[in-house]
Amino acid sequence: MRASEWSRLVLSLALTTPVSYVAHAEVYLNEKQAAEILFPGIVLNSSWVELTAQDLKTIEKLSGKKWLSSRVRVFWGPAREALVIDRVYGKHEFITYAVAINSDGKIKGIEIMEYRETYGSQVCGSEWRKQFIGKGPGDLLKVERDIKNISGATLSSVHITDGVRRVVHTYEIIKEKI
Amino acid sequence: MASGALSILMKSLKRRFRRLRPLLGTYVSIDLWGEEEGKRIHTIMTAGFEAMAKVDRLMSYHRPDSDLTRLNRAQPNEWIKVDPATAFVFQTANDMFSASQGIFDVRCGGALAKAGILPKMTNVPDNSFDYGEAPVKIKGRWVCKTSTEVMDLGGIAKGYAVDCAGQLMRDFWGKKSFTGIVNAGGDLKSWGDRVFLSAVKIPIGETSVLKSFKAKSIAIATSSVRVGLGADDLTLSAHVKMPSREFLTDSLTVTVFAKECLWADALTKIVLLASPTLAARCLSLYNARAVVFAGDGRLESVVN
Chain A
1 MRASEWSRLV
11 LSLALTTPVS
21 YVAHAEVYLN
31 EKQAAEILFP
41 GIVLNSSWVE
51 LTAQDLKTIE
61 KLSGKKWLSS
71 RVRVFWGPAR
81 EALVIDRVYG
91 KHEFITYAVA
101 INSDGKIKGI
111 EIMEYRETYG
121 SQVCGSEWRK
131 QFIGKGPGDL
141 LKVERDIKNI
151 SGATLSSVHI
161 TDGVRRVVHT
171 YEIIKEKI
Chain U
1 MASGALSILM
11 KSLKRRFRRL
21 RPLLGTYVSI
31 DLWGEEEGKR
41 IHTIMTAGFE
51 AMAKVDRLMS
61 YHRPDSDLTR
71 LNRAQPNEWI
81 KVDPATAFVF
91 QTANDMFSAS
101 QGIFDVRCGG
111 ALAKAGILPK
121 MTNVPDNSFD
131 YGEAPVKIKG
141 RWVCKTSTEV
151 MDLGGIAKGY
161 AVDCAGQLMR
171 DFWGKKSFTG
181 IVNAGGDLKS
191 WGDRVFLSAV
201 KIPIGETSVL
211 KSFKAKSIAI
221 ATSSVRVGLG
231 ADDLTLSAHV
241 KMPSREFLTD
251 SLTVTVFAKE
261 CLWADALTKI
271 VLLASPTLAA
281 RCLSLYNARA
291 VVFAGDGRLE
301 SVVN
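For the protein sequence lines, the chains are A and U, in the order given. Each residue of the first sequence is one higher than the one before, counting from 1 in our numbering. Each residue of the second sequence is one higher than the one before, counting from 1 in our numbering.
Think of the hints as simulated: they come from the structure by calculation, not from any bench. Nothing here was measured: the structure is a model prediction, and the numbers come from that model. Check the hints yourself; a few may be wrong.
List of simulated lysine to aspartate or glutamate pairs, DMTMM-like, C-alpha gap at most 20 Å [stated by the list, open to error]:
1. A:106 - U:56
2. A:108 - U:50
3. U:39 - A:31
4. A:106 - U:37
5. A:106 - U:50
6. A:32 - U:171
7. A:108 - A:31
8. A:108 - U:56
Build the full structure now, drawing on both the sequences and the hints.
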């Protein structure tokens with residue numbers, strides 16, 4: 001990068017008003033796209049699997065994590081391989097993701113389908129709102145929509161790790177049901 | 001004139017493909033703009049994610065069979081054969097150690113475990129401390145550690161993983177011009193001719209603000225240190241041993257712009273911890289620049 005480009009970059013950083021926002025939501029893949037990426041060329045059948053009270057208890061005991069609903073979205077392949085759709089709620093984020101599981105119960109891959117990050121109430125306070133006086137709501141929304149690449153301190157993915165463990169144990173129980 | 005207009009039109013016709021996976025203990029996104037069919041783009045993106053997963057397998061502190069764990073469990077001066085990628089990252093870590101006069105030191109596993117950031121590693125030799133020489137010796141693919149202290153590559157390997165994914169995806173395409181961005185939380189790398197809107201996230205207390213900017217073909221890394229939220233917050237993101245804690249009495253966010261992401265990643269820690277003169281010298285060695293934000297989101301300084 002040339003010196004003039006450096007100074008332009010740094011200047012633009014220095015002059016930018018701090019931008020705060022309440023939520024950043026992004027849809028990456030729908031169910032069909034996730035299935036095509038994780039099980040390319042395989043036809044999957046969609047289903048909802050009902051977990052019994054006993055199933056829920058067993059899964060929580062084995063994985064240490066509860067299901068929030070007793071209905072689980074599952075796409076089955078011909079050899080009982082499965083694509084399970086799940087959601088987790090972190091401290092500041094809400095994530096919908098797909099886990100592909102081979103017929104031997106091993107994880108084939110994970111794709112995030114939707115990621116929504118929210119921020120604390122301070123960003124909504126009057127001091128923060130003052131920064132946007134004179135701007136229409138469209139200006140703020142544009143920033144929310146446009147900024148997709150954020151360099152910040154690393155977010156931990158521990159919540160999804162817990163969620164995936166729950167899915168793996170769930171697979172062992174539901175594969176007997178089809 | 002007409003061809004210029006056509007080229008602008010073609011650029012605008014490129015589709016953006018975007019995916020996110022949990023990897024390297026965080027969320028990693030890949031963006032590619034391409035004219036090719038989606039299936040091929042997704043194959044390339046999957047290969048990019050797999051390149052990062054390989055770095056994780058080789059250099060993770062948490063995996064019992066990684067090169068790093070094998071080295072941590074070995075005796076000092078016992079030579080261990082590692083993947084060329086691991087040897088390369090250790091060589092860069094040694095270079096950063098020398099450039100920063102020992103401030104960037106991958107022998108921070110013990111300190112991070114003590115602070116509760118990493119689990120304590122078992123089956124490692126008893127500790128005897130010597131920070132005099134570089135953390136490891138390297139001969140080709142063979143590496144040996146020079147002390148018994150537990151090492152962690154968390155302050156540099158994520159940047160390297162981002163570089164690997166970027167390089168692999170560029171090579172896949174050959175000479176054809178296209179734009180891509182890999183973003184692993186704090187570490188981001190972009191290539192190609194597209195100027196993209198990005199932002200640095202600056203934590204302020206329990207919340208954060210974004211500082212937006214535009215850039216193209218660059219590596220960016222950000223590290224934040226938050227003071228005052230809890231006993232161990234000082235060490236939360238710095239990821240290196242801190243011989244100079246007195247510099248960190250306030251919350252700080254450091255963003256480094258460089259050519260390679262592994263340099264940017266390691267340099268954020270040096271800028272956080274070193275004196276301004278030493279930080280400037282290290283940045284200059286890697287033709288990098290740093291922007292420092294204070295705890296209230298204010299731009300504090302631009303180094304180099």
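*Enumerate the violated hints, using their earlier numbering and listing them in ascending order.*
4 and 6
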